[in-house]
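Trainee: Chain A is fixed; fit chains B, C and D onto it per the hints.
Quick note, the sequences are listed as chains A, B, C and D, same order.
If you want my numbering, it's the 1-based position in the first sequence plus 80.
If you want my numbering, it's the 1-based position in the second sequence plus 80.
If you want my numbering, it's the 1-based position in the third sequence plus 80.
If you want my numbering, it's the 1-based position in the fourth sequence plus 80.
It is worth saying that the hints were derived from the structure and are not from the lab.
There may be inaccurate statements among the hints.
Pair ranges (Cβ atoms, derived) [said to hold, decoys possible]: (1) N149(A) with A92(B): 28 to 36 Å; (2) K114(B) with Q155(D): 56 to 64 Å; (3) N149(C) with A152(A): 21 to 29 Å; (4) K114(A) with E236(B): 39 to 47 Å; (5) Q155(C) with N240(D): 24 to 32 Å; (6) K208(A) with Q155(B): 35 to 43 Å; (7) G116(B) with K208(A): 36 to 44 Å.
Cβ coordinates follow ideal geometry from the N, Cα and C atoms, glycine included.
Residue strings, one per chain:
There are 4 protein chains.
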Amino acid sequence: MRKIIAVSGSNAGDSNLTGEILTIAEETGYLIAKKGGILVCGGLGGIMEASAKGAKRGKGITVGILPWNKKAANQYIDIPIATGIGFYRNNIIVNCADCVIGICGRWGTLNEIAMSIGIGKPTIIIDKSGGVSDLFSKKETLKTFKKKPIIAKTPEEAVNYAFSLKS
Amino acid sequence: MRKIIAVSGSNAGDSNLTGEILTIAEETGYLIAKKGGILVCGGLGGIMEASAKGAKRGKGITVGILPWNKKAANQYIDIPIATGIGFYRNNIIVNCADCVIGICGRWGTLNEIAMSIGIGKPTIIIDKSGGVSDLFSKKETLKTFKKKPIIAKTPEEAVNYAFSLKS
Amino acid sequence: MRKIIAVSGSNAGDSNLTGEILTIAEETGYLIAKKGGILVCGGLGGIMEASAKGAKRGKGITVGILPWNKKAANQYIDIPIATGIGFYRNNIIVNCADCVIGICGRWGTLNEIAMSIGIGKPTIIIDKSGGVSDLFSKKETLKTFKKKPIIAKTPEEAVNYAFSLKS
Amino acid sequence: MRKIIAVSGSNAGDSNLTGEILTIAEETGYLIAKKGGILVCGGLGGIMEASAKGAKRGKGITVGILPWNKKAANQYIDIPIATGIGFYRNNIIVNCADCVIGICGRWGTLNEIAMSIGIGKPTIIIDKSGGVSDLFSKKETLKTFKKKPIIAKTPEEAVNYAFSLKS
Numbered sequence: 081m082r083k084i085i086a087v088s089g090s091n092a093g094d095s096n097l098t099g100e101i102l103t104i105a106e107e108t109g110y111l112i113a114k115k116g117g118i119l120v121c122g123g124l125g126g127i128m129e130a131s132a133k134g135a136k137r138g139k140g141i142t143v144g145i146l147p148w149n150k151k152a153a154n155q156y157i158d159i160p161i162a163t164g165i166g167f168y169r170n171n172i173i174v175n176c177a178d179c180v181i182g183i184c185g186r187w188g189t190l191n192e193i194a195m196s197i198g199i200g201k202p203t204i205i206i207d208k209s210g211g212v213s214d215l216f217s218k219k220e221t222l223k224t225f226k227k228k229p230i231i232a233k234t235p236e237e238a239v240n241y242a243f244s245l246k247s
Numbered sequence: 081m082r083k084i085i086a087v088s089g090s091n092a093g094d095s096n097l098t099g100e101i102l103t104i105a106e107e108t109g110y111l112i113a114k115k116g117g118i119l120v121c122g123g124l125g126g127i128m129e130a131s132a133k134g135a136k137r138g139k140g141i142t143v144g145i146l147p148w149n150k151k152a153a154n155q156y157i158d159i160p161i162a163t164g165i166g167f168y169r170n171n172i173i174v175n176c177a178d179c180v181i182g183i184c185g186r187w188g189t190l191n192e193i194a195m196s197i198g199i200g201k202p203t204i205i206i207d208k209s210g211g212v213s214d215l216f217s218k219k220e221t222l223k224t225f226k227k228k229p230i231i232a233k234t235p236e237e238a239v240n241y242a243f244s245l246k247s
Numbered sequence: 081m082r083k084i085i086a087v088s089g090s091n092a093g094d095s096n097l098t099g100e101i102l103t104i105a106e107e108t109g110y111l112i113a114k115k116g117g118i119l120v121c122g123g124l125g126g127i128m129e130a131s132a133k134g135a136k137r138g139k140g141i142t143v144g145i146l147p148w149n150k151k152a153a154n155q156y157i158d159i160p161i162a163t164g165i166g167f168y169r170n171n172i173i174v175n176c177a178d179c180v181i182g183i184c185g186r187w188g189t190l191n192e193i194a195m196s197i198g199i200g201k202p203t204i205i206i207d208k209s210g211g212v213s214d215l216f217s218k219k220e221t222l223k224t225f226k227k228k229p230i231i232a233k234t235p236e237e238a239v240n241y242a243f244s245l246k247s
Numbered sequence: 081m082r083k084i085i086a087v088s089g090s091n092a093g094d095s096n097l098t099g100e101i102l103t104i105a106e107e108t109g110y111l112i113a114k115k116g117g118i119l120v121c122g123g124l125g126g127i128m129e130a131s132a133k134g135a136k137r138g139k140g141i142t143v144g145i146l147p148w149n150k151k152a153a154n155q156y157i158d159i160p161i162a163t164g165i166g167f168y169r170n171n172i173i174v175n176c177a178d179c180v181i182g183i184c185g186r187w188g189t190l191n192e193i194a195m196s197i198g199i200g201k202p203t204i205i206i207d208k209s210g211g212v213s214d215l216f217s218k219k220e221t222l223k224t225f226k227k228k229p230i231i232a233k234t235p236e237e238a239v240n241y242a243f244s245l246k247s
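Pulled out of the complex, with its shape left as it was, chain A reads as follows (with noise of 0.2 Å):
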């Protein structure tokens, strides 16, 4: 069974998303597709589209949980799962991925990283990626938490993490 990781972070609008870290997030997504991985995503702007786009250049599959409406999917998107209940469906985005990488965010994401590690599922934040991800990779953040995500230094070190884990 093919893993599936889910891609959490800003969407389009976020003034931390400088081109560099568009460019993580699009690593990333194509070092998923690479190693034959299925990228799951939010399905909207930002660092899902940029993680889509990579997973697409890398010939892989994309799933967007969206929202409300698939009509406001990126187009990165192979396939739109539209929910119909707003903030809620960041549930299943973490639910449905065997593992969670965090690139940058704000408050969405903060929401999904915390369902991510409080469920027990495992949770790479790349570090220095800005926003959210910036603040979970400080030690001082993390001594207020027993269940801990792992920090990443770069995509590669996040995806070859996320393939190693058991499903």
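Mentor: Okay, now just chains B, C and D, sitting in the frame of chain A:
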């Protein structure tokens, strides 16, 4: 954007599931795939498995929206979406589809069909496919409701109708 | 722990909702309250409002599980739970109840009744209360299913049965 | 219409839950009740139990939105809403409230707080109440986000703020 068609019907174990009815489901999945649609179903056995088998024969892509664990997915599911919410996942099957086709079925199918018609999603029932579908293809039953499903005589008629709809 | 009884039935606007049928709903709500139960319903009009009105007359407590906004709650709802998930909220009504009583109803009620029976929740339909309830009190219809609802002749019979169940 | 205030915080077992912090939760629940509000929480132990205990001391009404079974509700819950959807129930707690107050907390609380701020619900964190709340009362942390929670120094300040909002 590719059409997404949900097939709703009995899980394995329903005594109504004769070879003839499973053939109807397989043919429906096959035709959805041949016309370029994405098949969505509940990912388990019976009608879900037969329709996914047909879609794979037609070189299509299959999505299984599963109640709990992706390991329960039948062998013809390309994209298993494990929701972790049991019966609530029926809502996602219906919401993400452009059109829902009901074949045979018991209470779970009835739950999906009722929601689908209730929210105004185009809903087709294949006549003489047993169980709930037989019930809803009776004029006597349909008199109870103002909003009604489409009754199709064959998989061809059902799938042609589904693809004739604007999405 | 107090019994939680869900009443499922048509929203305002259903042409089946005669004064007689609304009286059945009100009486059901009244009896649930008199026996110390908590009434749960969808919080809107029609059968939901009539049963909540009855429960308040019986000095009981009423919970309305609403599709979107709490402002849509009828005037007899003590605890409006605004879910923000539309039709999916039907699942919560059924899940949180010890027993579900169906009165009249259209597709939404049928969605709830089907789920309730499907997940093995004790489910009672009040005979001759119109719509879906009429459909399911027919032997012909019930022949379709192995798991069946209880058919009660009156609100008294329904509520007595509900309170006779171990929770 | 009565205000609905959600209290979000650690379940029993969190080592941050000192007597002092439980007193903050109890006082918060008490004040919500005294002002005529309905307390909503996750229905389990720790902060959820302490706030419900306080609300009952204040002669208020308490709702517990439970992950699975109503038998898990703490003894101060009047209305247990058993959802059968685990962690997804966090969404309902947040959605049904007019305002969310965070006290202490781990990943589950963070999931709720992040969603609450993400969807634009007024969100208050009680300063120096440990765990996640400590994290979010730091300026350093808050710099990460544009939308921010309100930081209240005491239960009084939190509850007064909650009741000052138009609903």
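Trainee: Evaluate each hint against the coordinates.
Mentor: We went through each hint and held it up to the structure:
Between N149(A) and A92(B) the C-beta distance comes to about 33 Å, which sits within the given range of 28 to 36 Å. For the hinted restraint 56 to 64 Å between K114(B) and Q155(D), the CB-CB distance of approximately 60 Å keeps it satisfied. The given range of 21 to 29 Å is respected by N149(C) and A152(A), whose C-beta atoms sit roughly 22 Å from each other. As the Cβ distance of K114(A) to E236(B) is approximately 40 Å, the hint placing it in 39 to 47 Å holds.
At about 29 Å, the CB distance of Q155(C) to N240(D) agrees with the hint of 24 to 32 Å. With their beta carbons about 42 Å apart, K208(A) and Q155(B) fall inside the hinted range of 35 to 43 Å. Under the hint 36 to 44 Å, the C-beta atoms of G116(B) and K208(A), about 42 Å apart, fit the expected range.
Hint check: no violations occur; every hint is consistent with the structure.
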